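Protein sequence lines, in the order shown, are assigned to chains A and B. Residue numbers for the first sequence follow my numbering, so the first one is 3 and each next one is one higher. Residue numbers for the second sequence follow my numbering, so the first one is 3 and each next one is one higher.
The reader is advised that the hints may include incorrect statements.
Note that identical chains are pooled: a pair holds if it fits in a single copy or bridges any two copies.
[To be verified] The list that follows gives simulated cross-link-like pairs (lysine to aspartate or glutamate, EDC-like), each with its CA atoms no further than 16 Å apart:
1) Lys4 - Glu88
2) Lys24 - Glu63
3) Lys4 - Asp131
4) Lys4 - Glu85
By construction, these hints were calculated from the structure, which means they are not laboratory data. It should be emphasised that the depicted structure is a prediction, and the values quoted were computed from it without experimental measurement.
Protein chains: 2
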Amino acid sequence: MKPIFRYLGDFRWDGVPVEAYKSEGAHFREVTRQLLFGRDAGLATELRYFEIGARGYTTLERHQHTHAVMIVRGAGSALVGSEIFELRPFDLVRVPPMTWHQLRSAAEDALGFLCLVDADRDRPLRPTDGELEALRRQPEVAAFIRI
Amino acid sequence: MKPIFRYLGDFRWDGVPVEAYKSEGAHFREVTRQLLFGRDAGLATELRYFEIGARGYTTLERHQHTHAVMIVRGAGSALVGSEIFELRPFDLVRVPPMTWHQLRSAAEDALGFLCLVDADRDRPLRPTDGELEALRRQPEVAAFIRI
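Just chain A, with the same shape it has in the complex (with noise of 0.2 Å):
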């Protein structure tokens, strides 16, 4: 295991592939992923890097596991339960369990943040048609997702 992983510029790094966010799906749009500290790093934790090209947005989604988030790049904002945060570099965001979140990059802009998550944790789960009618009774979350 080399102990130097070299930053490229860009947000790249020499030996970090750039992966597809998730393997499929139309409910998510220009997002990429970096592992950059995975199980072999020897942490009960994986550190990735996302990044949002402008106009894209994560998929609208809740878990129990918790994301603990570290803006490091461009500009967008995050839905977090039923509020919605405008985000710069180095903003700190919390997503708690089975908490509603979307991360959006700004019109102009990408968004790359890091997110941190425990290694063994449960799969997303996708807002049912229920689901999306309640959220959808607040207007400016309406008007925020995009599923």
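Please build the complex by placing chain B on the supplied structure of chain A, with the hints as guidance.
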């Protein structure tokens, strides 16, 4: 638990206190610590931000738990095992179990870095006289370390 901790600039965050690196000791210099995500974030890990002022250094130590580090500010260098690496923002560093390590800032610049550790972890060990003697058999390590 509020979902957002705003970045205030200059590597300070709203609601995150700047703490001492360690409660006591003369084996480090000019280091501060901020706990960005702790046990209350609901993860099996902690994310800390450390900053070493110009000409400062962390403790030369080792332990069973792993460090996963991302440089985010300034410039400096690290001893990991018996190798010395120059560090620049967004470089990634892994410190394997029971590996001697020390980070130093550049003479004219601070070094700021994120450090991930398991929430449950062992206490660091400092070198014995015999271990120090062994470390100093390599001239570049002898020249690097501060104790």
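Here is what the structure says about each hint:
no.: 1; hint: Lys4 - Glu88; verdict: between (37 Å within a copy, 15 Å between copies)
no.: 2; hint: Lys24 - Glu63; verdict: within (13 Å within a copy, 39 Å between copies)
no.: 3; hint: Lys4 - Asp131; verdict: neither (47 Å within a copy, 28 Å between copies)
no.: 4; hint: Lys4 - Glu85; verdict: between (41 Å within a copy, 11 Å between copies)
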